[in-house]
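Construct all of the structure, not just a fragment, from the sequences and the given hints.
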Amino acid sequence: MTFDFALARENLPALLNGAWVTLMVTFTVMAVGAPLGLLIAFARMSKRRWLAAFGAAYVAVCRGAPSLILLYLIYNGLAQLDIVRHGWAWLLFQHAFFCVVVAFALNHSGYIVEILRGGMEAVPAGLVEAAAALGLSPRQILWKVRLPIAVRYGLKAYQNEALLFMKSTAAVGAVTLVDLTSAANEIFYLTYDPFTPIITAGVIYWVINFVMRTGFGWIDRRLNRHISAA
Amino acid sequence: MEFAKLDRYPAVALAGVQKWYGQYHALRAVDLTVERGEKLVICGPSGSGKSTLIRCINALEAHDGGAITVNGIALGKDRASILDVRREAGMVFQQFNLFPHMTILENCTFAPRTSLKLPRGKAEERAMRYLARVHIADQAHKFPAQLSGGQQQRVAIARALCMEPRIMLFDEPTSALDPEMVGEVLRAIEELTADGMTMICVTHEMGFARRIADRCLFMDQGEIVEQAPAEDFFERPKSPRLQDFLSQILH
Chain A
0 MTFDFALARE NLPALLNGAW VTLMVTFTVM AVGAPLGLLI AFARMSKRRW
50 LAAFGAAYVA VCRGAPSLIL LYLIYNGLAQ LDIVRHGWAW LLFQHAFFCV
100 VVAFALNHSG YIVEILRGGM EAVPAGLVEA AAALGLSPRQ ILWKVRLPIA
150 VRYGLKAYQN EALLFMKSTA AVGAVTLVDL TSAANEIFYL TYDPFTPIIT
200 AGVIYWVINF VMRTGFGWID RRLNRHISAA
Chain B
0 MEFAKLDRYP AVALAGVQKW YGQYHALRAV DLTVERGEKL VICGPSGSGK
50 STLIRCINAL EAHDGGAITV NGIALGKDRA SILDVRREAG MVFQQFNLFP
100 HMTILENCTF APRTSLKLPR GKAEERAMRY LARVHIADQA HKFPAQLSGG
150 QQQRVAIARA LCMEPRIMLF DEPTSALDPE MVGEVLRAIE ELTADGMTMI
200 CVTHEMGFAR RIADRCLFMD QGEIVEQAPA EDFFERPKSP RLQDFLSQIL
250 H
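Keeping their order, the protein sequence lines are chains A and B.
Numbered by numbering that gives the first Met the number 0, the letters in the first sequence go through residues 0 to 229 in order.
Numbered by numbering that gives the first Met the number 0, the letters in the second sequence go through residues 0 to 250 in order.
Treat the hints with care, since some could be wrong.
If you want the ones that stay clear, here's a sample from chain A, every Cβ over 12 angstroms from chain B, calculated [to be verified]:
| id | residue |
| --- | --- |
| 1 | Val31 |
| 2 | Pro65 |
| 3 | Gln79 |
| 4 | Leu135 |
| 5 | Ile140 |
Quick list of in silico lysine-lysine cross-link-like pairs, BS3-like style, CA-CA up to 30 angstroms [stated by the list, open to error]:
| id | chain 1 | residue 1 | chain 2 | residue 2 |
| --- | --- | --- | --- | --- |
| 6 | B | Lys141 | A | Lys155 |
| 7 | A | Lys46 | B | Lys141 |
| 8 | B | Lys141 | B | Lys76 |
| 9 | A | Lys143 | B | Lys76 |
| 10 | A | Lys166 | A | Lys155 |
| 11 | A | Lys143 | A | Lys155 |
| 12 | A | Lys155 | A | Lys46 |
| 13 | B | Lys237 | A | Lys143 |
| 14 | A | Lys143 | B | Lys141 |
| 15 | B | Lys76 | A | Lys155 |
| 16 | B | Lys141 | B | Lys116 |
| 17 | A | Lys143 | A | Lys46 |
| 18 | B | Lys121 | B | Lys141 |
None of these hints come from the bench; they were simulated from the model.
Even for Gly, the Cβ is constructed at its ideal location relative to N, Cα and C.
This is the structure we're talking about:
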């Protein structure tokens, strides 16, 4: 096993282009997944039976299915349906990037639903009562008390999920997107060097991972000043 | 005008109030009238319904029968009447229940700003005034976790006062405190009695009850068993159940 520094340097631009795609997929999915997850979490916790059932089914399917399975279903499957292929939706679903975002956002938001729900249920009932006794409406209590506390409870679990999911975006190469992993793999096919491009890609993944962890650490310190100060 | 009108109503009136938890009969047709400005202390063994009673007054528990009226406002099932009643009655809990993610000051300005739409400056001014009243203004920029239990409970009192309620409900305000902190909280409550505010306090602090209470009330098994001025209540209890209870907590 040898690491060819010249080859690594030569191919760095291609790998960085791939890393850019990985980042775009990761952050678009996070940006879409968070509000989607919040919305479904509300449904999941709704008193209305059919809404709660929908939320539960959403989690079961989207969290239960591997993201690659969802991706194949959306990218290959939807294109076979006339209603999609000949309708306005085709403007969106013809793009691999769009399909990737939908598939991963479904999966990612499935996890967010459960993280938020767990956090919401862990909020002490006394805090909700205290807010109610102060004359706040259920909606105000939700947005100003329950949710902010639930987010703090859930942040660590969300960080885990986000880091895992960032790495799992390596699957997007299966639908023609050239992300970091498939960029590295292409270089392998061209050079037959099984180590240099892949190890370089691994290092770049680590850097992305490190930056995300640092970001989460910063958010954690900001949100949890009330605990760290004690 | 408004006050003249208010004078005609007692602060709190309960008529035949019933409360069930499943099969368990927590309040059995309770009748109670609390006059404006009156200081009422409620005691009784655990499970006697005393907490349930004051939690029904501000609708933290919905009552199942009878009528509750707070400053003339009939407490119904609708959100509007519940909100109106909660504006009249502030509450202090056994477990403080401060919002952990907000500073002391934010805990106190949160409801006035959100619910009364007070501008930030006004709300902070008011918060600092009430924090000073419970001698804790110097901690305004700390978080609850940085304060002792006694300090947290005084903040909780200030937080309730910031809504300027006419009635204060205290649900065992010192039961979760270490013994050395009980005094500071009771003193803070005692200092408020001078205002002429109506107070209902569930407590077993008998010395405190003697000093502040106009009337003491003993509950057992969901009923008001006996009520009397503090002196008679402790010195000359009539019912065997109260005599029993007092002998248990005093010795």
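message: Let me make sure I understand: some of the numbered hints might not hold for this structure. Which ones are they, in numerical order?
response: The structure breaks hints 4, 5, 7, 8, 13 and 15; every other hint is satisfied.
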